[in-house]
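A.B. asks: These protein sequence lines map, in sequence, to chains A and B.
Just so we're aligned, residue 1 is where the first sequence starts under this note's numbering, counting upward by one.
Just so we're aligned, residue 1001 is where the second sequence starts under this note's numbering, counting upward by one.
Under the rule of at most 25 Å between Cα atoms (straight-line distance), these lysine to any residue pairs were calculated in the SDA-like manner:
1. A:K79 / B:V1682
2. B:K1414 / A:E132
3. B:K1568 / B:E1208
4. A:K79 / B:Q1700
5. A:K83 / B:R1781
6. B:K1015 / B:L1374
Hints are computed from structural coordinates only; laboratory data are not their basis.
Remember, predicted model here, so these are calculated numbers, not experimental data.
Residues per chain, in single letters:
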Amino acid sequence: MKNTILSAKGLCKSFAHNGGQLHILSHIDFELYEGDFTVIMGASGSGKSTLLYALSGMDRATAGQVLYNGEDLVTMKEKALAKLRHTDFGFIFQQMYLVSNLSLFENIAVSGYLNKERTASEVRQRTGQLLEQMGLTHIKTHLPSQVSGGEQQRCAIARAVVNTPKLLFADEPTGALNRKNTTDVLNLLTGLNHSGQSILMVTHDLRAALRATRILYIEDGKIIGELPLPPYSPNEEQSRETQVNAWLASMKW
Amino acid sequence: MEILTLLKANIRKKKGTFISVMLLTAIVITVMTSILSAQDNYRTAIEASHSYSDIGDVNAYVRTTRLTDEIRTAVEKSALVERVDYFDAIATNGADVGEINDPNSYFLTTHTEEIRLYNENQNGYMGNLPEIQKGEIYLPLGLKSKLTCSVGDTITVHLINDNRAEFTVKGFVEEPLQGSMVIGWKLVFIGHEDYEELYELCQPLETEDMHSIFTVVRVHQAEDAGLSAAKFQRQLNLETGLIDVATGALNIDQSVRYSTLMPDIVLDIVLAFAVFLFLIVLIVMSHSIGTEIEIDYVTLGVLKSQGFSKGKIRAVILLQYLLAQVTGVVLGSLLAFPIEGFIGAICQTITGVLPTEGLSTGKSMLCAALLLVLSALLIVFKTRKVASISPVRAISGGREEIYFDSRLNAPITKKGLSASLSLRQLTSAKRRYIGTIFIVSILTFCMITVNLTGVMLSSHSAQNAMGIIVPDMEVYHTERENPDCWEDVEEIILSHTEIREQNAMINGYVSLNGENLLCQLYLDPEHIGGLYRGRAPLYENEIVITEMVAETLEIGMGDEVTVTSQDKSGTFIVSGIFQSTYDSGMSFAMNFEGAEKLGLDASTDWAYHYYILEDSSQAEAIAEEIEEKYGSFLGCTAYTEEYNPITSQYSVIVDVLKVIIYTFSILFAFVVVRMVCTKTFVQERRDIGIYKALGFTSSQLRLNFAIRFLLIAVIGSIIGVVLSMLFSAQMLGMLLSLIGLSRIVLEYDTMSLVIPMIAVSFSFFVFAYLASGRIRRVAIRELVIE
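Put together the whole structure using the sequences plus the hints.
C.D. replies: This is how it looks when you write it as structure tokens:
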């Protein structure tokens, strides 16, 4: 029996549009489980990123609840949400979004410094470890503009996990990367998941989806399908791909 | 048409920039136009009033007994003279209204022709002076502020031999010759009955030393003479000796100069400040254009790809800013109307003359044209970058990412995270903030300079260093025939404290190469203050002159000059140049021996003895003791640090200046911070979203923003302090040369420096915090790419 780490109830998100309302998410109910690598897939405009941002508290839902540790993120105050972002949650963007005037080391450490439970030296030590793990130590003093896209994304992953979050959100983390960098990033995420990290990732990249232990399919703002998978192993990639492809085909992807 | 479409779109999109540039321009235009117009208006009004009151080109106050028929005939027959008017006046030795005493001489007269009476609010006339009844007196308007008196108050005038006469102030008049607050001697108007009674009282008491009955001689220059008033006066004196026999003389140019001196100084300082404000407007525009090109790089590239030439794009930017400025010019000109009226009303209390109203069209238009041309040149220069925008690069992902690299980068620390991030934002985009730093330094410079002016005008030591003698105490004879007591006076002083410096001095008007000037006679010429070239007049045939006298009479060190007093004259050599505020810089000095050569009564008995004490706090106790012992024939004044006989009138002005400059500085700080913050906000919107996603709260990010501007303000204000140390004295020297102070010695006290720094820094911090309110509205969702 898996423990629920985050749950959504009746989640709706609408935007004002041409004097009316454009409904992106419609009454979504679902649960995220501890230790899972959950992937949300769907066509462009299906609402997958909107769902990710609503679940992570980066954006507020129009209606419904997002419960984390018994508290509703939809009604949570900004200060509490901010605290959640540098304690329990980590976030990886498609475009990396590193702060351009901070070095790679500083980009990671700044997030760590926000966490009051760690001392400055502990943050620096953790940052050093992550840089080592991500293979970025030799360029830690470089600015984001001085490194490649893959290195930037690895740095963004390190930044997202520097506070050892309970849940890691990733929005198309490989969307802006080439094949080689994509594999590196996916390996890192898989490694993190194997060491116990709960991950919720949005993607429309099949190779990324293969790393999941659970795939959700979203269409017109509703979750219409779910595919549970065993933990990823490179040796079974071929059969896994066939299975996922068949399932996606059944979803009319 | 396409330009018009883009122009409309740009103004709609950049409303904040449009409004800020318009407001800043409006402020500059309001200040400049209203000041230039007010100066024109009071000057024109004084000259018109001179004509109305027919006061003549030269007015001489001559003791009636000395105005011989020979001199009268010589003046009347001079080819330079069109006509001469005479009227009698009784001189007073000062006056009191309540507790306020004015030691200057007033001349009581019944000569009221063409003297206009002000209405109750002094904003119009009631006509010429009516017949004055017994017990009534009409005062020039300048005395209203000087004596802080009103209609119905009682004024007591001091007459010869300590006689007194009381009058009721019946009204205030426009006396354009010397009715200004800053001119000591005044013509005041009484009825015939009072005049005859006082004449009967005073005339018999006259002796060689004590005089009371004067004739005021008004000499009108012949139309074909074509001389300036000063040259006419000099020439007239050389021909007739009229000025030599006069106790004092004033020509119309001097009258205008002295009447407008104080408002001119104040308004010139504000005008100089307005020039600095315009410089700030240029810096703000420069920053704004640079930033806009950076922000709109993609849009501009797209426009180019659609066929817009660089010329068209530059024209749109030029028109966009010039339109804001033209709107500012119109708004500023409209605001200048009431402001000019307000300034005029204040200046009227100083000049004593009702100013004309309205804006000086020529100067206002010139001012606006200059502002627009300089701005246009700047815009053309700043938009040259548009030429280098590549449509391909713009369309394929925008401008190349800014490469941040700086050796000044400070570490990011957990402790003081907001401050360290602010410092990093600053050091990694230094160029973005250079303009703002300049603006802060200019504002701080102006604020410090006005503070230092205040300190200079209230500090005895600073003034002594500049040659303005500000003694701790002054002792003088009130009665002529008395035993010598000066040794005893000195002993009384020494029983309280040591004497650091002492001297004795008398002032009198004499002619220098025909020019009637104030001459300072010193017992000890080695202690004449303010000597900065040559040496003191140690010998009986030497004088020192001010730079203003040197320029006016075209004489210099080593030149021989002729000094004439009454019927005696002598040749003197200019031994040095000194600085003095006496008669606003139009004076010279010699020693007692030189004065004796001219037959001037320069004796220690009759002189003002002044003392600078080792312990100035003892001055009041010493004065009390001297008054107790010799009060029947000696007068004694102790000057506290607050009281300043020469410059106290200017301290009020400095206070007004402080209010103006601080107010405008903070107003400008607000507009500038708002504008820079808006641009910075647009540039950093993405970073703000990232920081929020990392867990920074809006309050933390706003604090970060405010700290950054605080750091900018601190850096700018430090530069402002340095600028002030380098240039404040020179700038004040230029402006205060009007009152004879061109070599300024400033005392840098901590508060004068720290208060502007705190005021500017605090304003920037608060305004930046307020302006950063929109950070709250940045949603992390903006980072989403669907």
